[in-house]
Amino acid sequence: MHLTTARIIGMLALSTAIVSACLSGEKLRYAMSKGSTYAYLLTQESKAAGNMMGQEFKSTSTAKFWLSLHVQGIGKDGEFICVGKIDTAIMSVESPMMRDTALIPSEFFGKRVGVTLSPTGKTLSASPIDTVPPVQRLAMLGMSGPADIFRRILFELPEQEVAIGDSWKNTRPDTSRRMNIQIIVKPNTQYKIAGTEKVGALECYKIDTEGTASQYGTGQVQGMEIVIDGTIKSKGTIHFALKEGLLVGIDQTTNVEATTSGTGEQMFTQTTSSEQKTTIKLIR
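When you line the sequence shown up against numbering that gives the first Met the number 0, it's residues 0 to 283, in that order.
These are computed hints drawn from the structure, not numbers from a lab. Keep in mind it's a predicted model, so treat the numbers as computed, not measured. Positions of the beta carbon are idealized from the N, C-alpha and C atoms, including for glycine. There could be a bad hint or two in this list.
What the hints assert, rightly or not - Below 27 Å or equal to it, Euclidean Cα-Cα: the simulated DSSO-like pairs (lysine-lysine) are: (1) K75 with K121; (2) K185 with K110; (3) K33 with K121.
What the hints assert, rightly or not - FRET-style restraints, in silico, Cβ to Cβ: (4) V220 with N50: 15 to 21 Å; (5) D207 with E264: 45 to 51 Å; (6) R171 with S105: 30 to 36 Å; (7) S166 with G53: 43 to 49 Å; (8) T230 with S166: 19 to 25 Å; (9) E155 with E224: 32 to 38 Å; (10) Q269 with K234: 22 to 28 Å; (11) R171 with E224: 25 to 31 Å; (12) K63 with T258: 37 to 43 Å.
Construct all of the structure, not just a fragment, from the sequences and the given hints.
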(Lines of atoms letter the chains of each structure in order from A and count residues from 1; the text may use other names and numbers.)
(Lines give C-alpha, C1' and ligand atoms only; values in the text may rest on other atoms or scores of the structure.)
Protein backbone atom coordinates (compact mmCIF):
# COMPACT_ATOMS: atom_id res chain seq x y z
CA MET A 1 0.00 0.00 0.00
CA HIS A 2 2.74 2.42 1.01
CA LEU A 3 4.78 1.42 -2.08
CA THR A 4 1.83 2.08 -4.38
CA THR A 5 1.22 5.43 -2.74
CA ALA A 6 4.90 6.34 -3.11
CA ARG A 7 4.81 5.47 -6.80
CA ILE A 8 1.70 7.59 -7.36
CA ILE A 9 3.28 10.52 -5.54
CA GLY A 10 6.45 10.09 -7.61
CA MET A 11 4.51 10.02 -10.87
CA LEU A 12 2.54 13.11 -9.88
CA ALA A 13 5.75 14.93 -8.99
CA LEU A 14 7.31 14.02 -12.35
CA SER A 15 4.18 15.10 -14.22
CA THR A 16 4.11 18.39 -12.32
CA ALA A 17 7.78 19.00 -13.15
CA ILE A 18 7.18 18.42 -16.86
CA VAL A 19 4.13 20.71 -16.94
CA SER A 20 6.02 23.34 -14.94
CA ALA A 21 8.93 23.24 -17.41
CA CYS A 22 6.57 23.69 -20.36
CA LEU A 23 4.71 26.56 -18.69
CA SER A 24 7.76 28.42 -17.36
CA GLY A 25 9.39 28.68 -20.76
CA GLU A 26 12.82 27.90 -22.11
CA LYS A 27 15.00 28.65 -25.09
CA LEU A 28 14.47 26.28 -28.00
CA ARG A 29 17.76 25.27 -29.58
CA TYR A 30 19.00 22.66 -32.03
CA ALA A 31 21.28 20.00 -30.53
CA MET A 32 22.73 18.19 -33.54
CA SER A 33 25.92 16.31 -32.71
CA LYS A 34 29.27 16.35 -34.49
CA GLY A 35 29.72 13.41 -36.86
CA SER A 36 25.99 12.71 -37.14
CA THR A 37 24.01 12.67 -40.38
CA TYR A 38 20.34 13.64 -40.47
CA ALA A 39 18.12 12.58 -43.37
CA TYR A 40 14.96 14.39 -44.45
CA LEU A 41 12.34 13.80 -47.13
CA LEU A 42 11.15 17.00 -48.78
CA THR A 43 7.89 16.70 -50.75
CA GLN A 44 6.28 19.45 -52.80
CA GLU A 45 2.97 19.38 -54.68
CA SER A 46 2.01 22.42 -56.76
CA LYS A 47 -1.03 23.48 -58.78
CA ALA A 48 -1.15 26.68 -60.80
CA ALA A 49 -3.59 28.41 -63.13
CA GLY A 50 -3.14 31.65 -65.00
CA ASN A 51 -3.54 33.80 -68.04
CA MET A 52 -0.85 35.00 -70.42
CA MET A 53 -1.84 37.46 -73.15
CA GLY A 54 -5.41 36.15 -73.19
CA GLN A 55 -4.43 32.47 -73.15
CA GLU A 56 -5.39 30.47 -70.08
CA PHE A 57 -3.09 27.74 -68.79
CA LYS A 58 -2.85 25.20 -65.99
CA SER A 59 0.07 23.25 -64.59
CA THR A 60 0.74 20.71 -61.87
CA SER A 61 3.98 19.37 -60.46
CA THR A 62 5.20 17.05 -57.75
CA ALA A 63 8.70 16.61 -56.40
CA LYS A 64 10.40 14.45 -53.80
CA PHE A 65 13.92 15.12 -52.54
CA TRP A 66 15.81 12.81 -50.21
CA LEU A 67 18.25 15.09 -48.39
CA SER A 68 21.09 14.45 -45.98
CA LEU A 69 22.78 16.91 -43.62
CA HIS A 70 26.11 15.84 -42.12
CA VAL A 71 27.47 17.79 -39.14
CA GLN A 72 31.23 18.12 -39.63
CA GLY A 73 31.87 20.26 -36.60
CA ILE A 74 30.63 22.74 -34.02
CA GLY A 75 31.92 26.33 -34.11
CA LYS A 76 33.06 28.45 -31.18
CA ASP A 77 29.64 30.12 -30.96
CA GLY A 78 27.76 26.82 -31.16
CA GLU A 79 27.08 27.05 -34.88
CA PHE A 80 26.76 23.81 -36.84
CA ILE A 81 29.24 23.42 -39.71
CA CYS A 82 27.54 21.01 -42.11
CA VAL A 83 27.66 19.45 -45.55
CA GLY A 84 24.31 18.93 -47.24
CA LYS A 85 23.47 17.03 -50.39
CA ILE A 86 20.58 15.68 -52.42
CA ASP A 87 20.89 11.90 -52.30
CA THR A 88 18.16 11.26 -54.85
CA ALA A 89 15.03 12.93 -56.20
CA ILE A 90 12.17 12.52 -58.64
CA MET A 91 9.88 15.12 -60.18
CA SER A 92 6.79 15.08 -62.35
CA VAL A 93 5.48 18.04 -64.36
CA GLU A 94 2.41 18.62 -66.49
CA SER A 95 2.15 22.01 -68.19
CA PRO A 96 1.59 23.48 -71.67
CA MET A 97 5.37 23.36 -72.22
CA MET A 98 6.11 20.05 -70.44
CA ARG A 99 3.34 17.45 -70.62
CA ASP A 100 3.33 14.59 -68.12
CA THR A 101 7.09 14.67 -67.90
CA ALA A 102 8.96 12.69 -65.25
CA LEU A 103 12.28 14.28 -64.37
CA ILE A 104 15.18 12.81 -62.44
CA PRO A 105 17.58 15.67 -61.65
CA SER A 106 20.65 13.42 -61.52
CA GLU A 107 22.89 16.44 -62.16
CA PHE A 108 22.22 17.44 -58.55
CA PHE A 109 22.78 14.06 -56.89
CA GLY A 110 25.68 13.95 -54.46
CA LYS A 111 26.69 17.56 -55.12
CA ARG A 112 27.80 18.96 -51.78
CA VAL A 113 26.71 22.24 -50.25
CA GLY A 114 28.54 23.85 -47.35
CA VAL A 115 25.94 24.94 -44.80
CA THR A 116 26.52 26.81 -41.55
CA LEU A 117 23.57 27.02 -39.15
CA SER A 118 23.17 28.91 -35.89
CA PRO A 119 21.87 27.12 -32.76
CA THR A 120 18.43 28.58 -33.58
CA GLY A 121 18.53 27.11 -37.10
CA LYS A 122 19.22 30.37 -38.91
CA THR A 123 21.20 29.76 -42.11
CA LEU A 124 24.43 31.75 -41.77
CA SER A 125 25.78 30.55 -45.12
CA ALA A 126 24.95 28.05 -47.87
CA SER A 127 27.36 27.79 -50.78
CA PRO A 128 28.18 25.05 -53.30
CA ILE A 129 31.26 22.90 -52.68
CA ASP A 130 30.88 20.98 -55.94
CA THR A 131 30.22 22.79 -59.21
CA VAL A 132 26.77 22.24 -60.70
CA PRO A 133 26.40 23.34 -64.35
CA PRO A 134 23.18 25.20 -65.29
CA VAL A 135 20.42 22.79 -66.32
CA GLN A 136 17.82 24.53 -68.49
CA ARG A 137 15.03 21.98 -68.00
CA LEU A 138 15.35 22.41 -64.24
CA ALA A 139 15.78 26.18 -64.37
CA MET A 140 12.36 26.33 -66.08
CA LEU A 141 10.94 24.90 -62.85
CA GLY A 142 12.70 27.51 -60.73
CA MET A 143 15.48 25.21 -59.53
CA SER A 144 18.89 26.85 -59.52
CA GLY A 145 20.76 24.11 -57.66
CA PRO A 146 21.13 22.21 -54.37
CA ALA A 147 22.30 25.31 -52.50
CA ASP A 148 18.87 26.87 -53.04
CA ILE A 149 17.20 24.00 -51.15
CA PHE A 150 19.66 24.06 -48.25
CA ARG A 151 19.24 27.82 -47.75
CA ARG A 152 16.11 27.04 -45.71
CA ILE A 153 16.72 23.49 -44.54
CA LEU A 154 15.73 24.11 -40.88
CA PHE A 155 12.92 26.00 -39.22
CA GLU A 156 14.32 29.03 -37.41
CA LEU A 157 13.58 29.04 -33.68
CA PRO A 158 12.94 32.20 -31.63
CA GLU A 159 15.78 33.81 -29.70
CA GLN A 160 13.71 34.35 -26.55
CA GLU A 161 12.34 31.83 -24.06
CA VAL A 162 8.95 30.41 -25.00
CA ALA A 163 6.35 28.09 -23.48
CA ILE A 164 3.09 26.49 -24.54
CA GLY A 165 0.70 29.23 -25.64
CA ASP A 166 3.44 31.71 -26.50
CA SER A 167 3.73 33.24 -29.96
CA TRP A 168 6.27 35.24 -31.96
CA LYS A 169 6.61 36.77 -35.41
CA ASN A 170 9.02 36.73 -38.33
CA THR A 171 9.17 39.92 -40.39
CA ARG A 172 12.74 39.65 -41.71
CA PRO A 173 12.96 40.05 -45.52
CA ASP A 174 14.46 37.20 -47.53
CA THR A 175 16.28 37.63 -50.84
CA SER A 176 16.84 34.88 -53.41
CA ARG A 177 17.75 34.64 -57.09
CA ARG A 178 15.91 32.54 -59.70
CA MET A 179 16.80 32.53 -63.42
CA ASN A 180 18.69 35.83 -63.05
CA ILE A 181 15.73 37.42 -61.25
CA GLN A 182 16.27 38.76 -57.75
CA ILE A 183 13.21 38.18 -55.60
CA ILE A 184 12.60 39.88 -52.26
CA VAL A 185 9.98 38.40 -49.94
CA LYS A 186 8.79 40.45 -46.96
CA PRO A 187 6.95 38.13 -44.55
CA ASN A 188 4.61 38.79 -41.67
CA THR A 189 4.33 35.32 -40.18
CA GLN A 190 3.12 34.37 -36.71
CA TYR A 191 4.16 31.22 -34.86
CA LYS A 192 2.43 29.80 -31.80
CA ILE A 193 3.24 26.79 -29.62
CA ALA A 194 -0.12 25.03 -29.60
CA GLY A 195 0.93 22.17 -27.31
CA THR A 196 2.85 18.92 -27.32
CA GLU A 197 2.37 15.97 -29.64
CA LYS A 198 4.16 12.68 -30.14
CA VAL A 199 5.58 11.97 -33.60
CA GLY A 200 6.85 8.42 -33.73
CA ALA A 201 8.94 7.98 -30.59
CA LEU A 202 9.68 11.70 -30.22
CA GLU A 203 7.81 14.08 -27.93
CA CYS A 204 7.46 17.35 -29.84
CA TYR A 205 6.26 20.87 -29.53
CA LYS A 206 3.46 21.44 -32.05
CA ILE A 207 3.97 24.90 -33.52
CA ASP A 208 1.19 26.43 -35.61
CA THR A 209 2.16 28.98 -38.23
CA GLU A 210 0.12 31.41 -40.32
CA GLY A 211 1.00 34.55 -42.21
CA THR A 212 1.18 36.70 -45.29
CA ALA A 213 4.00 38.12 -47.37
CA SER A 214 4.67 40.38 -50.32
CA GLN A 215 7.10 39.43 -53.07
CA TYR A 216 8.79 41.63 -55.64
CA GLY A 217 11.30 40.56 -58.25
CA THR A 218 13.27 42.20 -61.05
CA GLY A 219 15.85 41.00 -63.55
CA GLN A 220 16.76 40.36 -67.16
CA VAL A 221 15.84 37.16 -69.01
CA GLN A 222 16.56 36.69 -72.73
CA GLY A 223 16.84 40.43 -73.32
CA MET A 224 13.65 41.31 -71.48
CA GLU A 225 13.20 43.28 -68.28
CA ILE A 226 11.11 41.12 -65.96
CA VAL A 227 9.07 42.38 -63.01
CA ILE A 228 7.23 40.10 -60.58
CA ASP A 229 4.73 41.46 -58.06
CA GLY A 230 2.71 39.19 -55.79
CA THR A 231 1.17 38.31 -52.45
CA ILE A 232 1.58 35.13 -50.42
CA LYS A 233 -0.57 33.45 -47.78
CA SER A 234 0.71 30.47 -45.79
CA LYS A 235 -0.51 28.18 -43.03
CA GLY A 236 1.01 25.10 -41.48
CA THR A 237 2.34 23.07 -38.58
CA ILE A 238 5.88 22.43 -37.37
CA HIS A 239 7.03 19.67 -35.02
CA PHE A 240 10.21 20.22 -32.99
CA ALA A 241 11.61 17.58 -30.62
CA LEU A 242 12.50 19.56 -27.52
CA LYS A 243 14.71 17.01 -25.75
CA GLU A 244 16.63 15.93 -28.86
CA GLY A 245 16.80 19.42 -30.34
CA LEU A 246 15.69 18.27 -33.79
CA LEU A 247 13.32 19.39 -36.51
CA VAL A 248 10.93 16.46 -36.91
CA GLY A 249 8.57 17.79 -39.54
CA ILE A 250 6.97 20.69 -41.38
CA ASP A 251 3.57 20.60 -43.10
CA GLN A 252 2.67 23.82 -44.90
CA THR A 253 0.27 25.13 -47.55
CA THR A 254 1.18 28.28 -49.48
CA ASN A 255 -1.04 30.27 -51.86
CA VAL A 256 0.48 32.82 -54.23
CA GLU A 257 -1.18 35.46 -56.42
CA ALA A 258 1.36 37.00 -58.78
CA THR A 259 1.64 39.19 -61.86
CA THR A 260 4.69 38.88 -64.10
CA SER A 261 5.39 41.42 -66.83
CA GLY A 262 8.11 41.66 -69.43
CA THR A 263 9.30 44.60 -71.54
CA GLY A 264 12.00 44.92 -74.17
CA GLU A 265 12.36 42.74 -77.26
CA GLN A 266 9.04 41.18 -76.33
CA MET A 267 6.23 42.42 -74.12
CA PHE A 268 3.87 40.28 -72.08
CA THR A 269 1.78 40.16 -68.93
CA GLN A 270 1.02 36.98 -67.02
CA THR A 271 -1.19 36.47 -63.97
CA THR A 272 -0.84 33.31 -61.91
CA SER A 273 -2.65 31.76 -58.94
CA SER A 274 -0.86 28.83 -57.34
CA GLU A 275 -1.07 26.54 -54.36
CA GLN A 276 1.89 24.58 -53.03
CA LYS A 277 1.83 21.93 -50.32
CA THR A 278 5.21 21.28 -48.74
CA THR A 279 6.21 18.66 -46.19
CA ILE A 280 9.57 17.95 -44.60
CA LYS A 281 9.96 14.77 -42.55
CA LEU A 282 12.87 13.48 -40.50
CA ILE A 283 13.47 9.93 -41.74
CA ARG A 284 16.79 9.08 -40.08
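Each hint, compared with the structure:
1. Annotation: proposed proximity of K75 to K121 holds, straight-line Cα distance about 16 Å (limit 27 Å).
2. Note on K185 and K110: the hinted pairing is violated, with a Cα-Cα distance of about 30 Å set against a maximum of 27 Å.
3. Note on K33 and K121: the hinted pairing holds, with a Cα-Cα distance of about 18 Å set against a maximum of 27 Å.
4. A beta carbon spacing of about 20 Å between V220 and N50 agrees with the range 15 to 21 Å that was offered as a hint.
5. The hinted range of 45 to 51 Å is satisfied by D207 and E264, whose Cβ atoms lie roughly 47 Å apart.
6. Distance hint for R171 and S105: a CB-CB separation of about 35 Å, consistent with the stated range 30 to 36 Å.
7. The hinted window of 43 to 49 Å between S166 and G53 holds, with their beta carbons roughly 45 Å apart.
8. Our hint of 19 to 25 Å for T230 and S166 holds, since their Cβ atoms are close to 22 Å apart.
9. Between E155 and E224 the Cβ separation comes to about 33 Å, which falls inside the hinted range of 32 to 38 Å.
10. For Q269 paired with K234, a C-beta distance near 26 Å keeps the hint of 22 to 28 Å intact.
11. Take R171 and E224: their Cβ atoms lie about 28 Å apart, and the range 25 to 31 Å holds.
12. Checked against the hint of 37 to 43 Å, the pair K63 and T258 fails, with Cβ atoms roughly 30 Å apart.
Checked against the numbered hints above, the structure breaks hints 2 and 12 and satisfies the rest.
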